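> Next come the chains, spelled out residue by residue.
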Amino acid sequence: MDFELTDDQRMLSETISRFVTDRYSFEERLTAMREPDGFSRAVWAELAGLGVLGLPFAEADGGFGGSGVDMMIIMEALGRGLLVEPFLATVILAGGALRLAASPAQKSARIASIIAGERIMALAHHEPDGPRHTVERLNCRAEPTATGWRLNGRKTAVIAGAAADELVVSARSERGVSLFLVDPALPGVSIRSHAGYDGIATAEIAFEDVGLDAQALIGEEGSGATVLTALFEEANAALCAEATGIMADTLDMTAEYLRTRNQFGVAIGTFQVLQHRAVDMLMQVELSRSMAMLAAISLARPAEERRCNIAAAKAKIGEAGRMVGQQAVQLHGAIGLTMEYKVGHAFKRLTAIDALFGNADHQLDMLADAGPLVPIG
Amino acid sequence: MNLDFTPEDLAFREDVRAFLKASLPDDLRAKMINRDHLGKADIVRWQRILNARGWAVPAWPVDDGGQPWSPTQRYIFQEEMALAHAPEGSPFNVNMIGPILCKFGTDAQKAKFLAATANIDIWWCQGFSEPGAGSDLAALKTSAVRDGDDYVLNGQKIWTTQAQHADWMFALVRTDASGRKQQGITFLLLDMKTPGITIRPIPSIDGISDLNEVFFDDVRVPVGNRIGEEGRGWDYAKHLLGHERSGIARIGLSKERLAQLRHLEGELGGSGRIDERERARLRRKLAEVEVELRALELTQLRVVAADAQGGGANSAASILKVKGTELQQRMTELVAELAGPAGIATPSHDATDHGDHGWEAAATPYYFTMRKVSIFGGSNEIQKNIIAKTILRL
Chain G
2 MDFELTDDQR MLSETISRFV TDRYSFEERL TAMREPDGFS RAVWAELAGL
52 GVLGLPFAEA DGGFGGSGVD MMIIMEALGR GLLVEPFLAT VILAGGALRL
102 AASPAQKSAR IASIIAGERI MALAHHEPDG PRHTVERLNC RAEPTATGWR
152 LNGRKTAVIA GAAADELVVS ARSERGVSLF LVDPALPGVS IRSHAGYDGI
202 ATAEIAFEDV GLDAQALIGE EGSGATVLTA LFEEANAALC AEATGIMADT
252 LDMTAEYLRT RNQFGVAIGT FQVLQHRAVD MLMQVELSRS MAMLAAISLA
302 RPAEERRCNI AAAKAKIGEA GRMVGQQAVQ LHGAIGLTME YKVGHAFKRL
352 TAIDALFGNA DHQLDMLADA GPLVPIG
Chain Z
112 MNLDFTPEDL AFREDVRAFL KASLPDDLRA KMINRDHLGK ADIVRWQRIL
162 NARGWAVPAW PVDDGGQPWS PTQRYIFQEE MALAHAPEGS PFNVNMIGPI
212 LCKFGTDAQK AKFLAATANI DIWWCQGFSE PGAGSDLAAL KTSAVRDGDD
262 YVLNGQKIWT TQAQHADWMF ALVRTDASGR KQQGITFLLL DMKTPGITIR
312 PIPSIDGISD LNEVFFDDVR VPVGNRIGEE GRGWDYAKHL LGHERSGIAR
362 IGLSKERLAQ LRHLEGELGG SGRIDERERA RLRRKLAEVE VELRALELTQ
412 LRVVAADAQG GGANSAASIL KVKGTELQQR MTELVAELAG PAGIATPSHD
462 ATDHGDHGWE AAATPYYFTM RKVSIFGGSN EIQKNIIAKT ILRL
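One line per chain: the protein sequences are G and Z, in this order.
All you need for our numbering is the position in the first sequence, starting with 1, plus 1.
All you need for our numbering is the position in the second sequence, starting with 1, plus 111.
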């Protein structure tokens, strides 16, 4: 039983925390959101310079072979800064698909440039006309042709989809769900970009008779659902850490506001009803931090234990994030509703985190079917 | 960062399990599974079995009868006790006056009381709350006036749990009313057989009469039964706060309840006493409490690990009592819901009741009983006041 960081992890934590504090003020976020890509290429290059983009990739591929706990450290810090840069999209999602399933040739053509910050990739999976939380029931189709595949269908909420140099697309083929590498410049690909409510750039993408060559397939045909399942567990563990960082930062801002905002001639933090609300928020932050740790550690556990612990963490953090976000806005009053103040942005990002890769309700339904969690220790 | 117990801790856990399997009497286990009310004899019997093994008061200093266990081992011990359906010892003996005596008692007081306290040869009750001093404990008024080698007590305590069984009381009394109210409080030990003490039971909503009023009418307490210095009782009482953090959230107890709920879900579902729709709803509720329980378990383990490293993580510790009690209460609610109408006919607790009723009969009294856990020992609202002040600086 050990919750301490190693010396290397402490260094990693200090490095990324210092970067976020020094380099990524809230004003920086607002500026990044106005960039053509919806994020700052300069910040992205600096994250590459810190080595952060290579963290989860294998050493053989030029990465650092980082653990779930290493990723937790990064994501919590990125959460505190509310970064809009495509770390989740490029490194965890699309990069994860490469890591988990791609051939050596596919990896060597891409991972080094991802790590260098020179290649943005995105995962196109969610569909506008399909179930919200699924890895399998897809309408997107890939049919075999003489030279490879023909892709048809629509994708929605593709994070960093418009900025991506290349997409990883999930589609049904004869043998189940498969993943394909797709160049967005190919004929038949149309992309409509817009900012998500959380300030992060997303895209709607349509594929109309898009011709792919045989090398576009990642891994075996029909292996996509298994890869996506593992990928979404990694993504959810990362989102739990990001949400914990956001909640901790939001609580700090709220407590500071309660200490300094005066009404009726006193700081409003002297009112017990507001104190207890803030304490309720604090408790949710601590419980969430515990669950983010559980999720990170569970990435290295056997499949069923990993699946259920991460589902439990995502369920807890979905609900905690809603509570902390809503109450932070409430305790701030009208200023919490404005675009000029960070708390409202944090609330919206927490809302998006619950919606991604299975919300709290979805996770609880899954756990209700799965039965008891594996005991700890 | 990992969640594995060390091989030493796992071996320790096996020892504890083997002992509990061999030593916990079947009738006590059955009562605990049903959540029947335990009488004094039940608690004393089990405490003496533990004491014979040296495990009645493990958190006390080793020289005073405790065990050299790590915080992790103390956590494991508590968890295994709960999972094996073993009763907890008397909290007044084990967790309250014992540690006070160990820390602040004179050699004579230790010699007189410690071994007897561990073995419950002396049953202690706690005389803190008064009609005008509940959450605002320092407002207590029971007066102790020095007269030669005695203090003479007059006043009243209330909500004194199991005073009817008690041989001795540890009490906070006022020896000086002139300064700040936290000053002038003195910590005394008094023999409940002393003339001038009257106990009046207060029946409570769970059908039990464990709560009492205790009246003092010129009760003489020898000065030698004072803990520490006169006027410093508040400091000694405060020592109990945060004294032992490895079991605050009572994770084992909630785990045992959750296992019981899962068992009932299967049994009642299998026999058709709850239909498929109720069963699905129950499973969903159990998933919700299990998520909360796991989050709290991890938080408790963070505190245990921090204590093993020499302290820290106070902000995590502060939530354990509040969230732990909320979760215990939620479990009892769910069992009471399952009992349904059969839970309305509750058992009596007189001597003729031998506990030969089903789990339903004890489910609702236990639900009512457990409302106390968010009230005693500093209500959850008081805990939140403390957290607001110390952690959030509000």
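By construction, these hints were calculated from the structure, which means they are not laboratory data.
Keep in mind the model is a prediction, meaning the values are calculated, not measured.
Certain hints may be false.
No more than 30 Å apart at the CA atoms, straight line, and that leaves these computed lysine-lysine pairs for DSS-like [as the list claims (entries may be wrong)]: (1) G:K343 / Z:K151; (2) Z:K349 / Z:K142; (3) G:K349 / Z:K221; (4) Z:K304 / Z:K151; (5) Z:K366 / Z:K142; (6) Z:K142 / Z:K221.
Going by beta-carbon spacing under 8 Å, a handful of chain Z positions derived as facing chain G [as the list claims (entries may be wrong)]: (7) M112; (8) K214; (9) E401; (10) L412; (11) R413; (12) I430; (13) E448; (14) G451; (15) K495.
Positions of the beta carbon are idealized from the N, C-alpha and C atoms, including for glycine.
> Please work out if Z:K142 and Z:K221 have their alpha carbons no farther apart than 30 Å.
violated (34 Å)
> For Z:K349 and Z:K142, compute the direct alpha-carbon distance and say whether it is at most 30 Å.
Distance of about 34 Å is beyond 30 Å: violated.
> Under 8 Å, Cβ to Cβ, is where Z:M112 needs to be relative to chain G, so tell me if that hint holds or is violated.
holds (5 Å)
> Can we keep the Z:R413 interface hint, with Cβ of chain G closer than 8 Å?
holds (5 Å)
> The hint names Z:K214 as touching chain G; please verify it with the least Cβ-Cβ distance against 8 Å.
Not OK, violated: Z:K214 not within 8 Å of chain G, min 28 Å.
> Could you check if Z:E401 really has its C-beta closer than 8 Å to a C-beta on chain G?
holds (6 Å)
> Mind checking the CB of Z:E448 against every CB in chain G and telling me if the closest is under 8 Å?
Result: violated, 16 Å to nearest chain G Cβ.
> Given the proposed pairing of Z:K366 with Z:K142, does the C-alpha separation stay at or below 30 Å?
Holds, at roughly 17 Å.
> Please check whether Z:L412 passes as an interface residue: C-beta within 8 Å of a C-beta belonging to chain G.
holds (6 Å)
> Can you verify the interface hint for Z:G451: is its Cβ closer than 8 Å to any Cβ in chain G?
At 21 Å from the nearest chain G Cβ, Z:G451 fails the 8 Å test, so the hint is violated.
> Does Z:K304 pair with Z:K151 here, judged by a C-alpha cut-off of 30 Å?
holds (18 Å)
> Please check whether Z:K495 passes as an interface residue: C-beta within 8 Å of a C-beta belonging to chain G.
holds (4 Å)
The earlier numbered hints that this structure contradicts are 1, 2, 3, 6, 8, 13 and 14.
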